[in-house]
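*Asks:* Work the whole structure out from these sequences, hints included.
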Amino acid sequence: WTTANSLCSLTEGSLVSLHTPEVKNFILQLLNSTTPVWVGRYQEAQNGSWIWCDESSSCDWTNQKEAESRGGGACTEIISKSGELRSAPCEELRFYVCSRSARLDSSEPSSREPPGPGIVPGVSLFDVLWDSSSILAEEILRSSSLLRAFRSGSKTGLCQSRFSQQEALYLHRVSSTLQVLVKGLHEADEIQSLLVDTVTEYSRNNQNLGSAPAPQWLQFSLQSFHSVVLEDPVYWLVALSARVCLQDFLTQMLRSELRPQMSEVQHLKQKWRNENAMLLWLHRYKKVLEERQEKMDVYKSINIFREQMMNEQRLHESVTCEDEDDEENPDWL
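Position 231 of the sequence shown, counting from 1, maps to 231 under UniProt numbering, and the rest follow consecutively.
Any given hint could be a false lead.
Stated by the list, open to error - Keeping only pairs whose Cα atoms sit at most 30 angstroms apart, straight-line, the calculated DSBU-like set for lysine-lysine is:
(1) K183 - K295
(2) K81 - K24
(3) K183 - K287
Source of the hints: derived by calculation from the structure; they are not laboratory data.
*Replies:* Shown next, in the form of structure tokens:
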């Protein structure tokens, strides 16, 4: 609950308050999950009364963190099917719904052209997604401190370790979300199969991550990923495919631009290539998305894909390798 409320605050909002049946019914219509989600009500630690976030200035994650650190703290979840409100320990993992005050827009809704969901016959949506973000991928290649260190021939053992730890933090949070989502899928198809494989791979290196608060780059990235989970499951694959596409691109660039004799480069290339080759992710994503592209919104897909590419950029920007002076290169986690 605490993390969810802090993520809502990044967009000048808070967890949603449910004061009327109309608002409650509207929120239930938005939910595309059979699991409970957090809403903006918590139990005041001193007198035990229940308070909605928009009724109290004390509804901030600092106060809630203090309550949780003492082993207490109760927050409110809503059951998607029944609309029942229940109390639950604030530290448990849940999806969540944010709300914020409406802003006036100078443009009239009637004057806006609704985005068309279709794609030109004979064109691959998967290729369109990559083409729309290929410049961003090149920017990551140029600006990544880790890749710059590779180019310069610097030692990168500690840098690789830091990068791997930051990546593991993100994959751990995403895999936790995916595990809940997969449980709600009752149709055994290629989408479910691909999601299950992704959970397995993301969970592979999640040991010993500790319980440190999520850094700011991770909070932004998780917020953008969580905004996708209310969409149709095929858009979850759009989001997940961004990482696979970028890895494939960087692997090819590493092979062509960086010195092949560098053991660190070989280690990084081998890690990414094994991951993609083992599950054939790139081809599986392409196959699934192309089979369903006629029913998908192209503009929504492009925006989701690009946002996840920006998450990858945040990951690379979170690690700096300049002036590293490690004598030996620890194994890539």
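*Asks:* Hint by hint, say whether it matches the structure.
*Replies:* Results of checking the hints against the structure:
1. K183 - K295: Satisfied, since the Cα-Cα distance of roughly 24 angstroms is no more than 30 angstroms.
2. K81 - K24: holds, 12 angstroms
3. K183 - K287: holds, 23 angstroms
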